[in-house]
Structures are given as structure tokens and as C-alpha cells.
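Peer 1: Spelled out, the chains give:
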Amino acid sequence: MLNIENLTVSVDDKTILKGLNLNVPAGEVHAIMGPNGAGKSTLGYTLAGRPNYEVTQGAVDFNGEDLLEKDVHERAAAGLYLSFQYPLEIPGVPAMTFIRTALNAQRKLRGEEEMSAPEFLKTIRDVAKTLKIDMDMLKRPLNVGFSGGEKKRMEVLQMALLQPKFLILDETDSGLDIDALKVVSDGVNALRSDDRGMLVITHYQRLLDHIKPDRIHILVDGRIVHSGGPELALELEAHGYDRYVNEAA
Amino acid sequence: MAFDLTPLDLFDPSSYPTRRHEEWTYSDLSRALRDVPARAELTHLQAEAGDFGGFYWHCAGDGQLADLQAAVSKAVQGSGGRLYLDMSDFGEEGSVAGYQGEGRITLGAGEHLILLEDYSGALDYAASTVLHFDVAEGATLIRVVILDEPESAVSVRRSTVTTAPDSVFKQYVFATGAKFQRFETHVTHAGQGALVEMHGAYLLKDAAHFDYTTRVTHVEVDGATQQLIKGLVKDRATAVFQGRIYVEKGADGTDARMRHQALMLNDGAHVRAKPELEIYADDVQCAHGNTIGALDESALFFCQSRGMPEEVARALLMQAFVVPVAEQIEDEGLREMVLNWIEDKAGGFYAL
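Chain order of the listed sequences is P and L.
Letter by letter, the first sequence follows residues 1 to 249 of the UniProt record's numbering.
Letter by letter, the second sequence follows residues 1 to 352 of the UniProt record's numbering.
Watch out, some of these pointers could steer you wrong.
[Claimed, not checked] Below, simulated SDA-like cross-link-like pairs (lysine to any residue); rule was C-alpha separation at most 25 angstroms, straight line: (1) P/Lys139 <-> L/Glu311; (2) P/Lys132 <-> P/Pro118; (3) L/Lys234 <-> P/Arg50; (4) P/Lys139 <-> L/Ala299; (5) P/Lys108 <-> L/Glu310; (6) P/Lys70 <-> L/Ser298.
The set of hints was computed from the structure by calculation and includes no laboratory data.
Sequences and hints are given; from them, build the entire structure.
Peer 2: Set out below in C-alpha cells:
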């Protein structure tokens, strides 16, 4: 579903990703783990198309299409969803307006009919309930004054409504207490399906107790240096990244 | 503290202020009005109940402002305290018509008025209008002004406001600028415990010029002034904000706050901001803040990454920047009307 070959990326003339290879088939959840500064967030931003993240080499195939050719919003409409480590506050735009604008923009680009206001309201109400999000919160400007947990729940709400084909979760566990982590993880797990892929970027094994990955990749200095099964997370938790960092050096 | 309220006569170029006047440094009227406009005849006058759910005063020619109080009285007594002042029907095809007028609105003790002033002409004109507001004890005046003038227009809209004890004056100005557009409000805070709010939002593009000048003098004790002015400036447009709050000796208990925030959407756009506080009383709380920045690129990327094309995301964020001004309007119908207007204008910035 997502196939990355030799991806090399510079930000402000500094090379961060140095020939990264990764393949995530549909139906699988892969985790990317690695120390600070390894390029984990850069990978997420590059796939989403953030300006200033310059791809100098390599290719990304997403469902048979060249992902890197597409504009940011076209990638979203094609089914890619990046959940931000720090979701931005959008003052002046009610959460509901934001989500509906995004949803209908995607539908329009795909040549689908826009969702009517009543239909949208019904859908969002059902999803909000499962995520324990109060409808009043959705009338407030998106993420403004929301707690860390509320912001992440809002991210999961958007995933559930936008129904992307592929999810990239960038440090979704940061800023979450144990209860919020469970609500958010349950929300993500509910989206697991045979035709959807996921890439979970995390520092800690903790998140992977809740969102169980099929594969784990260790990212050090811009490359995947080791891949393995779910057991790899426990090993990392016990021994740290040192071994891989030294090998890469 | 005397304000520079030198009368301006559109038909007498020697009365035009020049940039040497400190108050007019950033807004050059003489340059905008190189040719003296032709004096326009009044066309027609109409008064009826309008869509706004209140009294409708169609003023085609500013000279008729002299009769404004009659409409105000009728609105306060019989139309739910709402008056729609339609100043949109100006101009003549093929020539620059000049309109000039002065009016007075007096609210009696405890009276309430919501005034909607709509300046959205279509043809070439130059206009100079002066409105005086006297707000008596315990009275409330809510003033919403839509300055949606044609890009060729030259206009100077001046108002004076005098408060009385426990009165409330709230002003919300929404502007798109013009060849020259200046909106001045001079407030004398003469009533103990009076509240004055003077907010505004501007959305300027192309070569539009908008100047929001506010002057507040706190004379009496316990007066409050609140100001939030937010704006967007694109292309070669220029925004000017001159806000001065003057607290006289003895005006203790004054609480005055002024904020101006502008977004410059490209190089070449201009924002000139001059917030001033001058305080001669001891026991006061005063603050002013002024920020000028660019659209938050991270927020833009966030919106795009959720599927919004760049122009949709930009329009949404720009709209979001100025809507907090409109959201303060308590009257729901009026608030919705202004929010729709902003949506329309912000969308127009990127040709949605």
C-alpha cells in the first residue's frame, strides 16, 4: 500500500532522511521507533507534503500512485492522514466547521457528493459519543484551550470521519494520561481493517501496548537500521537504542 | 485635550488636511482628492420598515443626515430600537459626485438603539460625513458599520460620541477600504461608569486604503474603554490604525484596553499602527498591544493536510483571524449577517 524507496530528504539544506526504505502493506500496522533526532517526524511530514521538506532522492508509491507528485491536500484526498504530535490551534474556526470543510473538500476532489449538514451532524454526533467528546466542544474553535488529551481525541475524531486509507500517527501518545491513552488507542484500533494501513511513530513502547503493531522498524540517523516483530519493542524498552545507534555510526 | 476636528469641506481644497498634519501623516487626502468633486444633488429619500427588523432609512445623499433624529426617535419608540441607515446609494455614472453631510443622534435616558450603517455604494464618489452621538444616562447604543465602498471611492466618516453616567456605546466597524477610506471616532468619556467599546475588522486587497482613527478622552471616573481591531492586508493595500486613549487628571478608576492585530499576506502590503496612551490620572488600568505578522504557515499546512486546497485553507484562516471581532456582537441576527459578510469577503480574497 505504501512503498518507500531510498527516500532522502533535506530540511534547510540539512539531510535528515538518508535513503529510507519501508513497505507497509494494507491491513498492517507498522511502528517506527528511534531516538530523538533520528528523522521520525520528518518522515511523517515528508509523506504529508510539508513545504521545506525537500525530497532530493527516492520515490514513494501510495496505492500505485506517485505520492510525491501530489499537493498536500491531494494526498489527503487520496487517503493519507497525518495525525500531528502537536495538533495546531485554529482560533476562530469551530471544530465542526473545520472538519466539515476538510471532509467536503476531500469529497469534492474525489468527485463525490458533498455531505449535507444534517447528515454530517448525525455522523459526527455518533463518532463524538464513542470518543467521549462533548458536542459543545465541537462548537468551540478547534483545539483552542483544549487539553493534550482533548486535542488527540479531536485528531482521532477527524480520522474516524475522514476515513483515510492510511494513517500516520506521530507521537500520538505524547501529552496523554493513562485514561486518555486508552480512549485514543481504542479509537485508532477501531479503524484497523484489512484495507487500511498504519504507521505509528513513537519513542516509547507504552503506546504499542495499546496499538499492537505487526512490524517494528528502528530508525537511526535517517535510515531503517533494523526491523522485527512486536517483541522488538520490549527489547528496546530494556536495552535502549544504544546498540543500534552505535551500529549506525 | 482638544482633538483635531478641523471641519473638512469636500468642495474647498484649502480645507483638506495634508500629511504635515500629525493626524494625517499616514493618510494623504489631498493626494486622493486631486480633483474637487462636483456637488451632487440629493436624489430621493425613503423611510420604511426594512429587512433588518427595524426602521429603514434610505439616505441617498449625505445632506439628509440632518433629519436623522426623526428616524432615530421612530426606531426607538416603535421599531424595537433598531435602525438601518442605508447609505449605499451614492454616486453618478461617469463623474465623481461629492456628498457631504452632518447628523446628530441623541438617545434619551435609558433608551436603547441598535444602528446598522451600511456604506456600500457602487459608483464613483467622494463623501464626507459627520455623525454626533449623545448617549444619555443609562442609554445603550450599538453601532455596526459596514464600509464596503467601491474601490474608487474617497470617504471620510467622522463621528463624535459623548457618554453620560452608566451609558454604553459599542461600535463595530467592518471595512474593505477604498481609494481612500478614513473612519474617525472621537469619544468624550464624560459619564461616570460609562462603557465604550470600539472594535473593528478590515479586509483590504489591491490598492485599498483604510484608516481607523480613534480618540478617547476619559474625563470622568470609572469609565471603561475596550478595543479590538483586527485586519488582513493583501497586495498593495494599506491599513492605518491610530488609536489614542487620553486619561485626564482626576479620571480615576479608568479601565482602558486597546488591541490591534494585523496580518500582512504578502510583501508590498502596508500596516501603519500608532497606538498611544496618555495618562494623567493616578489610579487607572490601561494597556495597549499591537501585533503585525504573517499567516501561520504551520496552521496552513495543518488545514491542507486534512484535505483543504491551499486557497480554501487560506480563506478559512483569514476569516478565522477577523471573526472574533464580529463574534462580540450580541445581537444574533446582526452577528450572523456580519459573519456571512466576512465569509464572503475572505473568500473573495482567493476567488473562491
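Peer 1: Could you run down the list of hints and mark each one as holding or not?
Peer 2: We went through each hint and held it up to the structure:
1. P/Lys139 <-> L/Glu311: holds (23 angstroms)
2. P/Lys132 <-> P/Pro118: holds (21 angstroms)
3. L/Lys234 <-> P/Arg50: Between L/Lys234 and P/Arg50 the Cα gap is close to 24 angstroms, so the pair holds against 25 angstroms.
4. P/Lys139 <-> L/Ala299: holds (19 angstroms)
5. P/Lys108 <-> L/Glu310: holds (14 angstroms)
6. P/Lys70 <-> L/Ser298: Between P/Lys70 and L/Ser298 the Cα gap is close to 19 angstroms, so the pair holds against 25 angstroms.
In summary, this structure violates none of the numbered hints.
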